[in-house]
Amino acid sequence: MNIFESLNETSNKASDIGETYINKSHQYVKLKIFQQLTQVMSLLGKMILVGAFLFIAFMFFAISAAIGIGYWLDNMAYGALVVGGLFLIFAVIVYVLRKRIDNKFITTMSQNFFD
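Reminder that position 29 of the sequence shown reads as 513 in the working numbering, one-by-one numbering, no gaps.
No lab work stands behind these hints, which were simulated from the structure alone.
Calculated lysine-lysine pairs in the BS3-like style (CA-CA distance at most 30 Å, straight line):
#1 K508 with K497
#2 K588 with K516
#3 K514 with K588
#4 K514 with K497
#5 K588 with K530
#6 K516 with K497
#7 K530 with K514
#8 K530 with K583
#9 K516 with K530
The calculated label-pair distances, taken between Cβ atoms and stated as ranges, are:
#10 N587 with I532: 19 to 25 Å
#11 S495 with N587: 47 to 53 Å
#12 L515 with I540: 35 to 41 Å
#13 N486 with I506: 27 to 33 Å
#14 Y555 with I590: 41 to 47 Å
C-beta: ideal position from N, C-alpha, C; glycine also.
Please take these sequences and the hints and turn them into a complete structure.
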């Protein structure tokens with residue numbers, strides 16, 4: 485019986501160690517998910533705030549550029565058309581480079597996520 489008791493005790497210890505490992509792994513996964521979610525939410529919040537302020541500043545620059553070009557051309561409509569054309573050119577450039585932008589974004593996010 486001594487051998488059976490020893491085997492039983494050893495298997496109980498192994499079972500306890502396995503349960504402890506599973507519990508610790510579960511806690512680690514929960515903590516890692518929480519960390520990743522908070523990083524993503526923080527990044528998203530910062531991007532929204534910075535993007536909003538940049539958008540407002542960009543709109544003021546665009547309006548002032550349209551007015552300035554309009555005075556230079558003696559026609560406000562032409563100034564607005566020139567600024568609109570510049571925006572259209574920028575949009576085409578971003579559209580052409582969209583794959584590079586996606587790849588850069590995915591690379592950056594994967595480094596943050598998998599570290």
